[in-house]
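*Asks:* Next come the chains, spelled out residue by residue.
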Amino acid sequence: MNNSVTAEPASGVPSTLLADWRDYFALLKPRVMTLVIFTAACAMVAAPGEMHPFLAFTGILCIAVAAGAAGALNQWYEADIDAVMKRTARRPLPAGKLQKPEALAFGVILGTGSVAVMGLALNWVAAAWLAVSILFYVVVYTVWLKRRTPQNIVIGGAAGAFPVICGWAAVAGETPLMAWILFSIIFLWTPPHFWALALFMEADYAKAGVPMLPVTHGLKETRRQILGYSALLVPVTIAPSLLGLADWAYGGTAITLGVIFMAMAWNVFRSSATLAADMVAEKKLFKFSLLYLACLFGALVADRLLLP
Amino acid sequence: MSIEPANWTAEERAAFYARRESRNRALGILLVSLVVLFFGITVVRMTGQTPPIPASAAQPQ
Chain A
0 MNNSVTAEPA SGVPSTLLAD WRDYFALLKP RVMTLVIFTA ACAMVAAPGE
50 MHPFLAFTGI LCIAVAAGAA GALNQWYEAD IDAVMKRTAR RPLPAGKLQK
100 PEALAFGVIL GTGSVAVMGL ALNWVAAAWL AVSILFYVVV YTVWLKRRTP
150 QNIVIGGAAG AFPVICGWAA VAGETPLMAW ILFSIIFLWT PPHFWALALF
200 MEADYAKAGV PMLPVTHGLK ETRRQILGYS ALLVPVTIAP SLLGLADWAY
250 GGTAITLGVI FMAMAWNVFR SSATLAADMV AEKKLFKFSL LYLACLFGAL
300 VADRLLLP
Chain B
0 MSIEPANWTA EERAAFYARR ESRNRALGIL LVSLVVLFFG ITVVRMTGQT
50 PPIPASAAQP Q
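Protein sequence lines correspond, in order, to chains A and B.
Be aware that the first sequence starts at 0, since it is given in numbering that gives the first Met the number 0, and climbs by one per residue.
Be aware that the second sequence starts at 0, since it is given in numbering that gives the first Met the number 0, and climbs by one per residue.
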C-alpha cells in the first residue's frame, strides 16, 4: 500500500476517497470477530437439530457481520478515547483515514443487513437475539456504561456472550438452559480475561480516562476480583456435565482446564507487581484465558460430534 | 468534475487512483458475493419446501 497520500483530508478531498478497503475492514475489529465466530460456530454444532451447511454458513456470516457492525459503531462512538490510547491510536477514525459519519453509516447498514438476512434465511428468534446483541454492545456497553462504571467489563462480557445465544437459536429456534450456560461461561470468563490485560495496560486506560477497575480501585482489588470471577467461572463450566447436558469427556476437560485456570488466577492474586514489565502472572493468565475458552468450546463440540 | 486537487504530485495522484481501484474491486467482490449468498439461500430454502397440494387435487373424486 502506498503511503505517499496522507490520511488527513487534503485540499478538500473527502478522506473516504483516500481510505483503503482495509480501513473499512479494520472498523469491524476482525480479532474480536474471530472469537465471536468460533464461539457461535461451536454453539451451532452443539445445538440440537439439523441444518443445511449453506444455511449454517449464512448464520455464522450474519453473526460475524453483526459483531463487525457493533465494532464499527463502537469505534464511531469512541474515536476520542481511541485517539489517546497507544493500543488504538492507529485505528481508521483516530488516524483520520475515515470520518465518523462514514463509520456510523457502515455500522448501521451492516447491522440491519445482518439481522434481516438472519431473519429471512434462518429464523426470527435468532435475528431478534442478533439485534439485541448489537444494541446491547453499542447502547448499554459503549454509550451508557463503559465510561461510567468500573464494572464496564462485566457488562461487556454479556455483549460478547450473545453470539452463542444467536448461534444456538439459529439452529434450534429457541434458547434453552444449555444455551444460557454457554452464555454464562463467556460472561464469567470475560472479567478475568480483560482485567488481566487491564492490569498491565493500566497506564493506557488511565490516560484515556476509562474507569477500568485497576484505575479506579487499584491493582489489589482487581486481582481479588479476577480470583472471584474465576471461582464462579469454573463451576459453571462443569455444570453441563453435572446437569446431564454434556458427557463427562467434556466434564473432565472442563475440570482439568478449570484447575489450571484457578492456579493461574491464584498466582495473579498473590502477585504484587506494579510495573507492567514485571506482571508475568497477569500476562500468563491473559494468554491462557484465550486457550482456555478455545479448548473448552472445542471439548463441547468434540463431545457432541464424537460421542454417541 | 474532477475531485483531484491541482497541487497533487504524480505520486500522490497514482496512490489515490490505486486506492480507489482497490475500493471498487472490494465493493465488486462484495456485491457478487451477496448475489451468490442470496441465490444459495433461495435454492436451499426452496429445495427444503414441499409444494402445497392444490385444494382441487386433494379432494376425493
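It is worth saying that the hints were derived from the structure and are not from the lab.
There may be inaccurate statements among the hints.
[As the list claims (entries may be wrong)] Away from chain B, derived, C-beta distances all over 12 Å, residues of chain A:
#, residue
1, 21
2, 22
3, 44
4, 51
5, 60
6, 94
7, 130
8, 149
9, 172
10, 175
11, 176
12, 208
13, 294
[Stated by the list, open to error] Sample of chain A residues at the chain B side, in silico, Cβ under 8 Å:
#, residue
14, 19
15, 20
16, 53
The C-beta atom is built at its ideal place from N, Cα and C for all residues, glycine as well.
*Asks:* Each hint needs a verdict: does it hold in this structure or not?
*Replies:* Comparing the hints with the structure gives:
Look at residue 21 of chain A: its CB is around 8 Å from the nearest CB on chain B, not clear of 12 Å, so calling it non-interface is violated. For residue 22 of chain A, the shortest C-beta to C-beta distance to chain B comes to about 9 Å, within the 12 Å cut-off, and the non-interface label is violated. The beta carbon of residue 44 of chain A sits about 19 Å from the closest Cβ of chain B, which is more than 12 Å, so the claim that it is off the interface holds. Distance check for residue 51 of chain A against chain B: the nearest CB is about 5 Å away, which does not clear 12 Å, and the non-interface claim fails.
Distance check on residue 60 of chain A: its Cβ comes as close as 7 Å (rounded) to a Cβ of chain B, failing to clear the 12 Å threshold; non-interface status is violated. The beta carbon of residue 94 of chain A is kept farther than 12 Å from every beta carbon of chain B, the shortest such distance being approximately 14 Å. Even its closest Cβ contact with chain B, about 19 Å, leaves residue 130 of chain A beyond 12 Å, as expected for a residue assigned away from the interface. Residue 149 of chain A, annotated as away from the interface, keeps every beta carbon of chain B farther than 12 Å; the closest lies near 40 Å.
For residue 172 of chain A, the shortest C-beta to C-beta distance to chain B comes to about 14 Å, beyond the 12 Å cut-off, and the non-interface label holds. For residue 175 of chain A, the requirement that its beta carbon stay farther than 12 Å from each beta carbon of chain B is met, with the minimum near 24 Å. Separation of residue 176 of chain A from chain B is adequate, the least Cβ-Cβ distance of about 28 Å exceeding the 12 Å criterion. No beta-carbon of chain B comes within 12 Å of the beta-carbon of residue 208 of chain A; the shortest separation is about 34 Å.
With a cut of 12 Å on Cβ distances, residue 294 of chain A stays outside the contact zone with chain B, its closest approach being about 32 Å. A distance limit of 8 Å between C-beta atoms decides the matter here; for residue 19 of chain A the minimum to chain B is near 5 Å, and the interface restraint holds. Proximity of residue 20 of chain A to chain B holds as hinted, the smallest CB-CB distance being about 4 Å (cut-off 8 Å). Among the interface hints, the one on residue 53 of chain A holds; its C-beta lies about 5 Å from the nearest C-beta in chain B, closer than the 8 Å criterion.
Hint compliance for this structure: hints 1, 2, 4, 5 are not met, and every other hint is.
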